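Given these sequences and hints, build the entire structure.
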Amino acid sequence: MSHNAHVPIGPYHPLQEEPEFYKLVVDGEKVVDVDVRIGYNHRGIEKLSESKSYDQSIFLVERICGICSSSHPIACCQALEDIGGVEVPERALYIRSICQELERLHSHMLWLGLAGHFIGYNTVFMWAWKYREPICDIMETVTGNRQNYAMHKVGGVRRDIEREHVSYILKRLDEFIKNISILKGAVLDDPVLHERLKGIGILTKEDAIDYAAIGPVARASGVDIDVRRDHPYGVYDRIKWNVVTQEEGDVFAKTVVRILELFESVGIIRQCLDKMPEGPIDSNPKDIPPGEGIGQIEAPRGECFHYIKSDGTNSPVRHKVRAPTYMNFPTFRETVIGETISDATIILAAIDPCYCCTERMLIVDGSDKNIMGAEELIRLSQEKTRLIKDKYGER
Amino acid sequence: MGIKEKILTKSLYVFHLSSGSCNNCDIEIIDCLTPRYDIERFGIVLVGSIKHADVLLCTGSVNRLTVPRIKVLYEQMPKPGFVVAFGSCGASRGLFKDSYNTGKPLDEIIPVDMYIPGCPPRPEAIMAGLLKLIDKLNSKGK
Numbered sequence: 001m002s003h004n005a006h007v008p009i010g011p012y013h014p015l016q017e018e019p020e021f022y023k024l025v026v027d028g029e030k031v032v033d034v035d036v037r038i039g040y041n042h043r044g045i046e047k048l049s050e051s052k053s054y055d056q057s058i059f060l061v062e063r064i065c066g067i068c069s070s071s072h073p074i075a076c077c078q079a080l081e082d083i084g085g086v087e088v089p090e091r092a093l094y095i096r097s098i099c100q101e102l103e104r105l106h107s108h109m110l111w112l113g114l115a116g117h118f119i120g121y122n123t124v125f126m127w128a129w130k131y132r133e134p135i136c137d138i139m140e141t142v143t144g145n146r147q148n149y150a151m152h153k154v155g156g157v158r159r160d161i162e163r164e165h166v167s168y169i170l171k172r173l174d175e176f177i178k179n180i181s182i183l184k185g186a187v188l189d190d191p192v193l194h195e196r197l198k199g200i201g202i203l204t205k206e207d208a209i210d211y212a213a214i215g216p217v218a219r220a221s222g223v224d225i226d227v228r229r230d231h232p233y234g235v236y237d238r239i240k241w242n243v244v245t246q247e248e249g250d251v252f253a254k255t256v257v258r259i260l261e262l263f264e265s266v267g268i269i270r271q272c273l274d275k276m277p278e279g280p281i282d283s284n285p286k287d288i289p290p291g292e293g294i295g296q297i298e299a300p301r302g303e304c305f306h307y308i309k310s311d312g313t314n315s316p317v318r319h320k321v322r323a324p325t326y327m328n329f330p331t332f333r334e335t336v337i338g339e340t341i342s343d344a345t346i347i348l349a350a351i352d353p354c355y356c357c358t359e360r361m362l363i364v365d366g367s368d369k370n371i372m373g374a375e376e377l378i379r380l381s382q383e384k385t386r387l388i389k390d391k392y393g394e395r
Numbered sequence: 396m397g398i399k400e401k402i403l404t405k406s407l408y409v410f411h412l413s414s415g416s417c418n419n420c421d422i423e424i425i426d427c428l429t430p431r432y433d434i435e436r437f438g439i440v441l442v443g444s445i446k447h448a449d450v451l452l453c454t455g456s457v458n459r460l461t462v463p464r465i466k467v468l469y470e471q472m473p474k475p476g477f478v479v480a481f482g483s484c485g486a487s488r489g490l491f492k493d494s495y496n497t498g499k500p501l502d503e504i505i506p507v508d509m510y511i512p513g514c515p516p517r518p519e520a521i522m523a524g525l526l527k528l529i530d531k532l533n534s535k536g537k
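Note that the protein sequences, when read in sequence, are chains R and H. Just so you know, our numbering puts 297 at position 297 of the first sequence, and the rest follows in order with no gaps. Just so you know, our numbering puts 520 at position 125 of the second sequence, and the rest follows in order with no gaps.
Keep in mind the hints are simulated off the structure, nothing from the lab. Be a bit skeptical, because a hint or two may be false.
[To be verified] Straight-line alpha carbon distances no greater than 16 angstroms define the calculated EDC-like cross-link-like pairs of lysine to aspartate or glutamate that follow:
1. R:LYS184 <-> R:ASP82
2. H:LYS399 <-> H:ASP530
3. H:LYS492 <-> R:GLU50
4. H:LYS492 <-> R:GLU46
5. R:LYS47 <-> H:ASP493
6. H:LYS466 <-> H:ASP502
7. H:LYS527 <-> H:ASP508
8. R:LYS130 <-> H:ASP530
9. R:LYS23 <-> R:GLU334
10. R:LYS52 <-> H:ASP530
[To be verified] Per the computed footprint, the stretches of chain R lying under chain H, defined by three or more beta-carbons under 8 angstroms from a beta-carbon of chain H, are:
11. 44-55
12. 63-75
13. 122-130
14. 144-152
15. 185-196
[Unchecked claim] Which chain R residues stay away from chain H? Per the calculated CB distances, all over 10 angstroms, these:
16. VAL31
17. ASN41
18. PHE59
19. GLY113
20. VAL223
21. ILE259
22. GLN382
Quick caveat: nothing in here was measured; it's all calculated off a predicted structure. The beta carbon of each residue, even a glycine, is placed where N, CA and C say it ideally should be.
Encoded structure:
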């Protein structure tokens, strides 16, 4: 006889920083099903953006997520530039790419630390966050802020990288690469971690394609997908780099993909600093004509997509955001079923969920009458009774 | 005030509550615990349960779903307890004050003892803020 128990996690739980509610249905130690309840982080950003001017909405989308606060503004700028056909100066594109890769470095280091914390390796947590600090320093040098960079605008960027800063950035990157090489060895050669992470939460290639997983989650399952290569933006078609993929699809493969991507990102930043031409950083576009535009970008967690519709006024008519976790999140249910409760944590952490990115709202239009509310059901029921009454009345 | 506050100043236990923030403040709070800033040298520790906490650190603009939960958490906090509104959103709802899903400001829901402004506050600002809270408690104790 099996007895299913429910294990509630959240909404305020020490496991996660953000409020989110999970219900694990367990049979003994095994997870049988999982349910999720969201909405604790919904702030109505898409609607709010319609009441802001274009310049303001870039600051707004920056605050969708604190970790991707370079990806969302760039995607938003790209959508607006797509509408207006705005040319972005070459130097600005290089600076944008540098910001993007710095963000990927800091996001992956952050994830590595938290993942280490979840499986009880607090040393990895402390190390990863300590080695992340130089990246924050570089960010401060380039953009002026540790977080929420306020760097990007339609038609370019706000701040230039000074020539004397380049040597400082390269020096800090050298230190960083030395540190993460040690970390890479410590993480990837540890037999305990192999035992703990290998074969856990496997997402097969077929499932990854069916669920339309993106970013490191898909790449760890052998799906060779990357917006930077498939739909090049910025300067990614002009520099040499590789898309990192793994075949296994387990938690260990996801860790390996993220660690190896750190090295690729450092390579991209070095090439960008080397090849960056002199010139203006802003093309100062005057207004946005009516039309529709999209912007897509490879955020640290996968593809981030912005759609903007303009009617020629100062603010968008419709602003749609699809953040990467929205696509990766359903794979959690697929991977966690059949695993033990103790592994559920790290399997959830392995997709690197970001709830404040994900919580957009969608209204389903009920005009096709497939959806019935209480009133309609009662009316339908009463109508049937009336029909029967009429039938007996006739006799 | 009493001896309770005086003892509290040696080790503040902090519970971090994210009431619909953008993650930035939360990252900077965790950053304070890591080797460069290391807030634990002042005896300040992040705890997992509100029932162990002396300080409720509340980040983000409060939304309609989290308002009742914040009230419950405040009631469960052992007294004397202190509430810190963290970041621009916690202090004034910031950029999101016009949104349809944003609730009342935090200081109209529960009494707030201190504000740490910034979007997000730097780790140095967080430390300065919490140390000021300790100073405030010390001056009360005399």
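To see whether the hints hold, each was checked on the structure:
For the hint linking R:LYS184 to R:ASP82, the alpha-carbon distance of about 40 angstroms lies beyond 16 angstroms, and the restraint is violated. Annotation: proposed proximity of H:LYS399 to H:ASP530 holds, straight-line Cα distance about 15 angstroms (limit 16 angstroms). Between the alpha carbons of H:LYS492 and R:GLU50 the distance comes to roughly 15 angstroms, so the proposed pair stays at or under 16 angstroms and holds. About 14 angstroms separates the Cα atoms of H:LYS492 and R:GLU46, which keeps this hinted pair within 16 angstroms; it holds.
Between R:LYS47 and H:ASP493 the alpha-carbon distance is near 10 angstroms, which keeps this suggested pair within the 16 angstroms criterion. The suggested pairing of H:LYS466 with H:ASP502 holds, with an alpha-carbon distance near 12 angstroms, which does not exceed 16 angstroms. Simply put, H:LYS527 and H:ASP508 have alpha-carbon atoms about 11 angstroms apart, close enough for the 16 angstroms limit, and the pair holds. As the CA atoms of R:LYS130 and H:ASP530 are separated by approximately 29 angstroms, the hinted pair breaks the 16 angstroms bound.
A distance of roughly 15 angstroms separates the Cα atoms of R:LYS23 and R:GLU334; the hinted pair therefore holds under the 16 angstroms criterion. For the hint linking R:LYS52 to H:ASP530, the alpha-carbon distance of about 41 angstroms lies beyond 16 angstroms, and the restraint is violated. Interface restraint, the region 44-55 of chain R with chain H: holds (5 residues with C-beta to C-beta distance below 8 angstroms; minimum three). Only when three residues or more bring their CB closer than 8 angstroms to a CB of chain H does the claim for the region 63-75 of chain R stand; here the count is 6, and the claim holds.
Against chain H, the region 122-130 of chain R contributes 4 residues with a C-beta closer than 8 angstroms to a partner C-beta. That satisfies the three-residue criterion, and the hint holds. Proximity of the region 144-152 of chain R to chain H, defined as three or more residues with a beta carbon under 8 angstroms from a beta carbon of that chain, is established by the 3 residues found. Coverage of the region 185-196 of chain R by chain H is violated [criterion: at least 3 residues with CB-CB distance below 8 angstroms; count 0]. Its beta-carbon lying about 22 angstroms from the closest one in chain H, R:VAL31 satisfies the requirement of being farther than 10 angstroms from that chain.
With a closest Cβ-Cβ approach of about 5 angstroms to chain H, R:ASN41 is found to fall inside the 10 angstroms limit, against its non-interface label. The Cβ of R:PHE59 sits about 7 angstroms from the closest Cβ of chain H, inside the 10 angstroms cut-off, so the non-interface label is violated. Residue-level check failed: R:GLY113 sits 8 angstroms from the nearest beta carbon of chain H, not beyond 10 angstroms. Even its closest Cβ contact with chain H, about 27 angstroms, leaves R:VAL223 beyond 10 angstroms, as expected for a residue assigned away from the interface.
Interface exclusion of R:ILE259 from chain H stands, the closest Cβ pair being 19 angstroms apart, more than 10 angstroms. Interface exclusion of R:GLN382 from chain H stands, the closest Cβ pair being 34 angstroms apart, more than 10 angstroms.
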